[in-house]
Amino acid sequence: MISARQISVAFSPSPALPVLDGLDLQVDQGEFVSVLGSSGCGKSTLLKVIAGLVVPSRGELTVGQGQAPGRSEIGFVFQDPTLLPWRNVIDNIRLPLELRGQPVRSQLDAAGQMLEMVGLQPEDGLKFPRMLSGGMRMRVSLARALVTQPDILLLDEPFAALDDMLRQQLCEELLEIWQELRQTIVFVTHNVSEAVFLSQQVYLMQAEPGRLVDQVEVPFPFPRKASLRGEAGFARLVEDASGRLRETVA
Amino acid sequence: MNQSPRRWITILIPPLVLLLLTMVVWQLAVTLLEIKPYLLPSPAAVVEAAIEHRSELFSAIWLTGRAAGLGLLVSILLGTATALVFSQSRVVRRSFYPYAIALQTVPIVAIAPLIVNWFGEGFQSVVLVTVIISLFPVITSVTTGLTSIDEGLHDLFQLNQGSRWQQLVKLRIPSAIPSLVTGARTAAGLAVVGAIVGEFFAGASVTERGLGYFVLYAVPNLQTDLLFGCVIAATLLGVVMFVAVSLVGTHLLGRWTAEMETH
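Chains as they are written, first to last, in our numbering: chain X, 36 to 285; chain R, 653 to 915.
These aren't lab readings, by the way, just hints derived from the structure by calculation.
One thing to keep in mind: the hints can contain errors.
[Stated by the list, open to error] Straight-line C-alpha distance at most 20 Å; calculated EDC-like pairs for lysine to aspartate or glutamate:
id	chain 1	residue 1	chain 2	residue 2
1	R	Lys822	X	Glu133
2	X	Lys260	X	Glu208
3	R	Lys822	X	Asp126
4	X	Lys83	R	Asp807
5	X	Lys83	R	Asp802
6	X	Lys83	R	Glu803
7	X	Lys83	X	Glu243
[Unchecked claim] Computed far set for chain R versus chain X, every beta-carbon distance over 12 Å:
id	residue
8	Ala696
9	Ala697
10	Ser747
11	Ala754
12	Ile760
Yeah, the Cβ is synthetic: ideal placement off N, Cα and C, and Gly gets one too.
Take these sequences, add in the hints, and give me the full structure.
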């Protein structure tokens, strides 16, 4: 679980204008939530605070069972795939385990399993990032985040650079993975339809300062299939969330 | 694969045709305008002088090439080691970087006599001058490569508890390889210049005569044709060193830049 209370973050050049101010967020164990907001509203900073990469200037944060962010239980998928170009796919996926000093054999086994889980073929494991399409790179990035079997998965607009078809496909695959592993997921996006399709709760974020100001509960049961996007209820909820998001921006 | 020879022909033919045309115009101009050979020798005279002095020229190229090559190697090793130290401490970087920049602005012609005073005439002083001239681009390029790490990759290592050593070995050093290759390419050209300038001051040995010595010898003796031969030889040496460094660089950068077949 994640519990953030009155979190504020200010960076040194302009401490008077905090990126996040008085932010509250509660995510239960195994829950899939999305944070929806315009570009630059502080969504990525929020994820970095949860991951322990940014230390809040004020507020209380509890991640997992501990009182402070426990990095070992967190997987992070960045906006860019951030793969190491000199390492092949398998070596990229096993990097987090290598940094933790696990035996090479278990690193390779775990990386092989994750490769399969994200829908890549065994022969893809020997390819280098330059040889992969944008979608494949993002799958590798997801596999790398999953390889440590984290309790919490943070995704920072991972599909933003992909075309719509691929984006929808990867969303469906991400849901399948979540249903299998049931991690706690915080998914940051500025795409309303994506947020509604994926999550159980959608939090709406305002900018300057970044704060969660509204919440939309998504009632659709799991497993969710691609056909959900064509249903009237889905369209109504997307419209409702979009309207509320416009109000937060206004 | 079949397109490769055609590609090379497309690349090589235009400059070779231009070179040939230049030679013809040059030869005609010298002959028709009766230009004195000590002002501008004809291409034929340059070739003749080069053939006449071929054994001395070859040994001069070999000597200058050795000094340039060794100087370049020392620059790459010393520059990389310096950059590694710079990358580990902002305080050290801020303290020493101005002096590294000053190294580039050192008027080598002015301090070369001092180097001869300290280290004597000969190969070692020529190599030292070469190092002083070619070191700076390696330091700056590698320092930039080691310190300009993508924020996401930095976060990835931090998130996964990567130690400072792991970050250096598994992230910073491999990330800096393209910058090292860029710096080494620049340094390769400068190393030849450094070796020849070094030989002007420190290469005056009876047994060992580099290209710098021949340049100094040809000018007062009005052997402009030999001087041209030396210039062409030095240019070729520079090209060979640049190409050699580029080939090693291309091999090293295979994983970063090469277009590999996916199937």
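Evaluated hints:
1. R:Lys822 to X:Glu133: holds (10 Å)
2. X:Lys260 to X:Glu208: Distance ~10 Å between Lys260 of chain X and Glu208 of chain X Cα, so the pair holds.
3. R:Lys822 to X:Asp126: OK: Lys822 of chain R and Asp126 of chain X at ~11 Å, within 20 Å.
4. X:Lys83 to R:Asp807: holds (9 Å)
5. X:Lys83 to R:Asp802: holds (15 Å)
6. X:Lys83 to R:Glu803: holds (12 Å)
7. X:Lys83 to X:Glu243: OK: Lys83 of chain X and Glu243 of chain X at ~17 Å, within 20 Å.
8. Ala696: The assertion about Ala696 of chain R holds, with a minimum of 50 Å to chain X.
9. Ala697: Its Cβ never comes within 12 Å of chain X, the nearest being 52 Å, so this holds.
10. Ser747: holds (23 Å)
11. Ala754: holds (31 Å)
12. Ile760: At about 36 Å from chain X, Ile760 of chain R clears the 12 Å cut-off, so the statement holds.
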